[in-house]
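Q: Please work from the sequences and hints to get the whole structure.
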Amino acid sequence: MMDWTPQSWRHQRIRQIPEYPNQEELQGVVSRLKTYPPIVQPRESQQLSRRLREVCEGKAFLLHGGDCAESLDRFSQSVLQANMRVLLPMATMLACAMNKPVLKIGRYAGQCAKPRSQESEIRNEISLPSYRGDLINGFEFDPLARTPDPKRMEKGYFFSAATWNILKSLTHGTEFYTSHEALLLPYEEALTHQDSSTPNAWFDGSAHFLWVGERTRQLDSAHIEFLRGISNPIGMKFSSEITGDELCQLIETLNPQNQKGRLTLIARFGHDKIAESLPSLIQAVKHSGYHVIWCCDPMHGNTQTTPRGYKTRFFQDILSEVQQFFSIHQHAGTYAGGVHVEMTGSPVIECLGGDQAITEEELGEGFYETLCDPRLNANQARELARRLILQTGHPIKPPW
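Quick note on our numbering: the sequence shown kicks off at 143 and runs consecutively.
These are calculated hints, taken from the structure and not from any lab test.
For clarity, every value in this text was computed on a predicted model and none was experimentally measured.
Note that CB positions come from ideal geometry on N, CA and C, so glycine has one too.
One thing to keep in mind: the hints can contain errors.
[As the list claims (entries may be wrong)] In silico SDA-like cross-links for lysine to any residue, where the CA-CA straight-line distance does not exceed 25 Å: (1) Lys297 x Gly403; (2) Lys428 x Ala474; (3) Lys402 x Cys390; (4) Lys415 x Asn342; (5) Lys242 x Gln401; (6) Lys428 x Glu418; (7) Lys242 x Arg227; (8) Lys293 x Asn307; (9) Lys242 x Leu312; (10) Lys201 x Pro489; (11) Lys201 x Gly403.
[What the hints assert, rightly or not] Have a look at the derived ranges for each label pair, beta carbon to beta carbon: (12) Gln401 x Gln223: 30 to 38 Å; (13) Asn521 x Arg155: 39 to 47 Å; (14) Phe217 x Glu267: 42 to 50 Å; (15) Glu388 x Ser259: 46 to 54 Å; (16) Pro489 x His314: 24 to 32 Å; (17) Gln189 x Pro421: 20 to 28 Å; (18) Glu267 x Asp145: 45 to 53 Å; (19) Gly386 x Asn266: 22 to 30 Å.
A: Right, dumping it as structure tokens:
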């Protein structure tokens with residue numbers, strides 16, 4: 143294996159990173175970003191690593207949640223306040239019921255780049271590049287907006303810094319950490335610096351916690367190469383497409399020293415596939431003696447498209463995957479350490495079902511706001527937490 147540097151990912155297979163028409167402008171933006179201070183500090187990421195070690199040891203639980211894709215043009219303190227009014231009480235509810243600390247990581251202050259299954263989008267026989275998140279291109283369906291623009295990285299940096307500044311105020315008195323998918327590697331590379339207080343440690347200052355997605359987690363991928371070298375705690379999403387051998391090879395690559403809390407495995411199967419696929423993967427990791435955190439993403443394997451073209455998810459499918467995840471780990475004698483959900487504090491109508499009994503006919507009635515994938519609204523997120531508590535056998539205490 144080659145020596146790692148913040149640039150060594152460029153020698154591996156690159157997926158899901160756009161071609162910028164103006165390379166000179168791209169280099170100029172990246173060069174400026176390299177001179178900017180980190181959005182988060184290395185000591186904060188190190189503190190998160192210590193907290194994740196407690197999760198790995200079964201002494202704490204991880205609640206990882208937030209937006210699917212943040213909008214650089216909808217920056218609002220009131221929106222962040224609404225999100226925190228849901229996420230923080232969910233953590234308190236779980237902590238009281240489980241009688242253990244709940245670690246809170248948000249998909250905020252940088253979740254602005256998205257992988258896509260299709261390179262292009264077609265509307266009315268017009269084909270344009272797919273929307274890849276505000277860090278890369280625009281949501282509007284026109285040629286100029288959909289052209290990758292490197293200036294968006296700089297705008298994203300200032301957006302993320304401002305968001306983190308507000309979040310620190312909103313979460314004063316409680317530990318809270320930021321995260322996003324490390325997708326746009328030129329941006330991540332530019333914000334990665336060596337920590338003078340820690341020998342041979344490089345920290346990505348864009349967020350406390352970074353993860354690699356299902357579409358970019360291949361052994362030969364540039365994204366795995368980048369993540370293996372940073373000292374931030376990291377995550378890896380995976381689905382039923384992975385084999386036990388491949389999973390173990392990736393764990394060995396990303397966490398060769400087998401550090402507790404270094405690596406979180408984020409399982410995203412779908413309610414109809416998890417029972418068949420997860421048990422053998424757990425046994426492969428358990429047999430190899432790797433220290434990992436097992437976290438359930440019940441969102442991404444349960445996405446459907448309605449006849450009217452809306453992407454949605456059924457609450458019952460989301461709940462079913464979470465319930466199966468915990469049951470499988472209980473049977474295997476391993477610790478189900480966390481959940482990873484896309485959610486919002488806004489009264490959106492994007493996911494169907496739940497106590498509100500949201501129907502398909504209600505989609506698109508002015509409350510479908512996501513830039514990419516459907517999110518649980520505030521009521522659905524709270525309901526998921528309550529049902530999770532019942533699943534784990536803990537009593538629900540007032541006022542929930």
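Q: If a hint holds in the structure, say so; if it does not, say that too.
A: Against the structure, the hints:
Between Lys297 and Gly403 the alpha-carbon distance is near 32 Å, which puts this suggested pair outside the 25 Å criterion. Annotation: proposed proximity of Lys428 to Ala474 holds, straight-line Cα distance about 9 Å (limit 25 Å). Under the criterion of a C-alpha separation no larger than 25 Å, the hint pairing Lys402 with Cys390 is consistent with the structure, at around 15 Å. Under the criterion of a C-alpha separation no larger than 25 Å, the hint pairing Lys415 with Asn342 is inconsistent with the structure, at around 41 Å.
For the proposed pair Lys242 and Gln401, the alpha carbon gap of about 22 Å is at most 25 Å, so the pair holds. Simply put, Lys428 and Glu418 have alpha-carbon atoms about 17 Å apart, close enough for the 25 Å limit, and the pair holds. A distance of roughly 21 Å separates the Cα atoms of Lys242 and Arg227; the hinted pair therefore holds under the 25 Å criterion. Distance restraint check for Lys293 and Asn307: the Cα-Cα separation of roughly 22 Å lies within the 25 Å cut-off, and the hinted pair is therefore satisfied.
Only pairs whose Cα atoms come within 25 Å are accepted, and Lys242 paired with Leu312 is accepted, the gap being roughly 23 Å. Proposed proximity of Lys201 and Pro489 is contradicted: the alpha carbons are some 34 Å apart, above 25 Å. Using a Cα cut-off of 25 Å, the hinted pair Lys201 and Gly403 holds, with the two alpha carbons roughly 12 Å apart. Distance hint check for Gln401 and Gln223: the Cβ-Cβ separation is about 36 Å, which falls inside the suggested range of 30 to 38 Å.
A hinted range of 39 to 47 Å for the beta carbons of Asn521 and Arg155 is consistent with their spacing of about 43 Å. Our hint of 42 to 50 Å for Phe217 and Glu267 is violated, since their Cβ atoms are close to 35 Å apart. Taken as a hint, the range 46 to 54 Å is violated for the pair Glu388 and Ser259, whose Cβ atoms sit roughly 20 Å apart. For Pro489 and His314, the Cβ-Cβ distance of about 26 Å falls inside the hinted range of 24 to 32 Å, so the restraint holds.
The hint said 20 to 28 Å for the Cβ distance between Gln189 and Pro421, and at roughly 34 Å that hint is violated. The beta-carbon spacing between Glu267 and Asp145, approximately 50 Å, falls within the hinted interval of 45 to 53 Å. Between Gly386 and Asn266 the C-beta distance comes to about 45 Å, which lies outside the given range of 22 to 30 Å.
In terms of the numbered hints stated before, the structure departs from hints 1, 4, 10, 14, 15, 17, 19, listed from lowest to highest.
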